[in-house]
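Position chain B relative to chain C; hints supplied.
Protein chains in written order, with the working numbering: chain C, 101 to 497; chain B, 101 to 497.
Heads up, some of the hints might be wrong.
For chains that are exact copies, the list does not tell them apart, and a pair is met inside one copy or across any two.
[Said to hold, decoys possible] Straight line, CA to CA, 30 Å or less: simulated DSSO-like cross-link-like pairs of lysine-lysine:
(1) K478 with K182
(2) K182 with K138
(3) K389 with K182
(4) K478 with K197
(5) K197 with K451
(6) K389 with K478
(7) K380 with K182
(8) K343 with K479
(9) K461 with K182
Keep in mind that the hints were calculated from the coordinates and are not lab data.
There are 2 protein chains.
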Amino acid sequence: MTARHNAIVAQGGGPTAVINQSLVGVIEGLRGIQGIDKIYGARHGVRGMVEERLVELQSIRQAALDPIARTPSAALGSTRDKPDQAYCQRVFESLKKHNIRSFFYIGGNDSSDTCRIINELAGDSGFDLRCFHVPKTVDNDLVENDHTPGYPSAARYVAMAFMGDNLDNASLPGIKINVVMGRHAGFLTAASALCRERETDGPHLVYCPEIPFDIERFAEDVQSVYSELGRCQIAVSEGIQNKDGEAIGATLIKGETDAHGNVQLSGSGALGDSLANYLKEALTAQGGKPPRIRADTLGYAQRCFPDPSPVDQHEAREAGRFAAHLLAQGESDGSVSIVRTSDAPYTAQMKRIDLTAIAAKTRHMPEEFFDGHNNVSKKFTDWLRPLVGPLPTIGWI
Amino acid sequence: MTARHNAIVAQGGGPTAVINQSLVGVIEGLRGIQGIDKIYGARHGVRGMVEERLVELQSIRQAALDPIARTPSAALGSTRDKPDQAYCQRVFESLKKHNIRSFFYIGGNDSSDTCRIINELAGDSGFDLRCFHVPKTVDNDLVENDHTPGYPSAARYVAMAFMGDNLDNASLPGIKINVVMGRHAGFLTAASALCRERETDGPHLVYCPEIPFDIERFAEDVQSVYSELGRCQIAVSEGIQNKDGEAIGATLIKGETDAHGNVQLSGSGALGDSLANYLKEALTAQGGKPPRIRADTLGYAQRCFPDPSPVDQHEAREAGRFAAHLLAQGESDGSVSIVRTSDAPYTAQMKRIDLTAIAAKTRHMPEEFFDGHNNVSKKFTDWLRPLVGPLPTIGWI
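Chain C extracted, bound-state conformation:
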């Protein structure tokens, strides 16, 4: 490695409430490393690297770093771009020009794949570059991790939103559908069950993408709960699929896809409204007064609501620092993985994993986290509880 050189950090994919903790962690970690001169930040991920939209981060005082760290969303800006070979070539040119020899990319599985591609192409091109991936995703769908920074804060939001909504639904009884983020993995939808205390607390039904969704069975499930309790609160993942693996949401929303070929699922109420309309017809058909049916789609508040989990804040910061530590240790590339070392009291540690072990792979909810086709297990809530921070306590009459 060249004697004096610069480093760059960037943020990719959907933002989270703690992605700036990881950014600040990388900056803090790089500061102590000999040979590192400038620490650049790229605006809007790899796009900013190509367009040379760089900011210098090495001289930001600690007193200014802390407020940045606790600010939700990506302070440098993010991107959905996924570079091909030609794009990468432009990245290298920009990096060479600025004597940048290490690249830290904070993002999800698409970003880890970007990191892997750049790392491999750098090797092929004989460009001396060290690439490190710092995990983040509210979906929690990265393999080789107990959980991923960003998920605990999103899970905290979902758990609290469902807690309030369950009480709302108990007060004015009816059928309430809440659509939760999670394209391929049900972890965030499952978090809806965290605050159940009483036998009758919602969500009464939880549908994740891992288990094929049958709309007729869905209507039967709802009818059954409604007949028993006079109300029904339902958690539905935006990514629910039929038995052929076709996304229920995608069949309802026309066309728009991103650079990774993914259909837009968030930022629309279409899935929830369609399910509500289906239930209105299915349940009215059985005669009698139709129940009150409503659907909310939880939306972007899930990933950026400014009330993060303290555990998540801490771990996201540590993950950034650990990535810088990997560089200092002489590692040439890798991703950071969170390994749980104890359940009670909760403890975890960071370890390095290969980029190829994580890149573009999708983790799903394990079978033991489910309880039948429409519920989650105690094993799941026990696993989640230490991650989300203190939750409100309630009382009832």
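For chain B alone, kept in the frame of chain C given last:
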């Protein structure tokens, strides 16, 4: 008034994060009053009074009352029923049977009208009953109040959701519509602007029901902001109306109305999705790559998210106590009004107002709280700030 008698308390309309503070306030206030024997709670408002679904509240220990008070939504259950004369007659029969001579109804303007109707019919029937209304509504649309319990907590949620969403939108730029509750009044939609700090912070456009909504001018507004900033975050009230007073949402949603003749606006993403689709066509028509357009409908989290404003919690409790105090003072009926007595430091006091002064009347945003047809004024945010409690601080690069 009869020597020894009982009191009843009930909750009506959409729940809030602090309506149980008022419930506990009424119980606390009634406990000290001589002559009051039992304190009944009616399940699901006036419906529980008719159906004699009563619970006794006088013996709940203070240690159990506090957790109830801090629990969002209506602990007794709520209702959308609005009694006519025949319904009221059944209410009186139930009250007589249980020797109930005072009625406390915690609710919004529909509930204050129910309270007024029951009070008048009791007078006409020669039934000795004292009726007190304790205000609550997230819409803040009750006249004769500086603000209404429930609104500050909902405003806190909306302000925080927009804060996070603005940072999200800055990170992955595009056009983002967020639909906010408020059928006739823009107070809650206006709260979206509370956390703006920088010149470029969203929401960049705010549309309230008080100002006629013109969809072509809307598209021009969005185009103008998007051209300047490369992004646009928009707050839209669910109750926006055209110049003929027709609700834009109601024209898009088929049919369902409640007992008050109101069309369903919440619990559906239809308004946001329709506006997003309109923009997609209007802005694409101008040529070039269509911008990324998303719509979220904030949903029931606005009224029951379990993170209430401390000021709101305190005032809602005091409003309940004050209503009981009115009974103790020998008042025969009335509603509780919050009067602001100082801006800085913020102070307020409670006063009694006539039921007829408030019942079924709708308060709108005053003109001075607006800044043009698509923004709110500093006067508004100055008015709101002391009500919502501490907000997160942020940092940026």
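A quick look at each hint next to the structure:
| no. | hint | in the structure |
| --- | --- | --- |
| 1 | K478 with K182 | neither (38 Å within a copy, 42 Å between copies) |
| 2 | K182 with K138 | within (26 Å within a copy, 68 Å between copies) |
| 3 | K389 with K182 | between (51 Å within a copy, 18 Å between copies) |
| 4 | K478 with K197 | neither (54 Å within a copy, 47 Å between copies) |
| 5 | K197 with K451 | neither (32 Å within a copy, 71 Å between copies) |
| 6 | K389 with K478 | neither (36 Å within a copy, 48 Å between copies) |
| 7 | K380 with K182 | between (41 Å within a copy, 24 Å between copies) |
| 8 | K343 with K479 | within (26 Å within a copy, 56 Å between copies) |
| 9 | K461 with K182 | within (15 Å within a copy, 56 Å between copies) |
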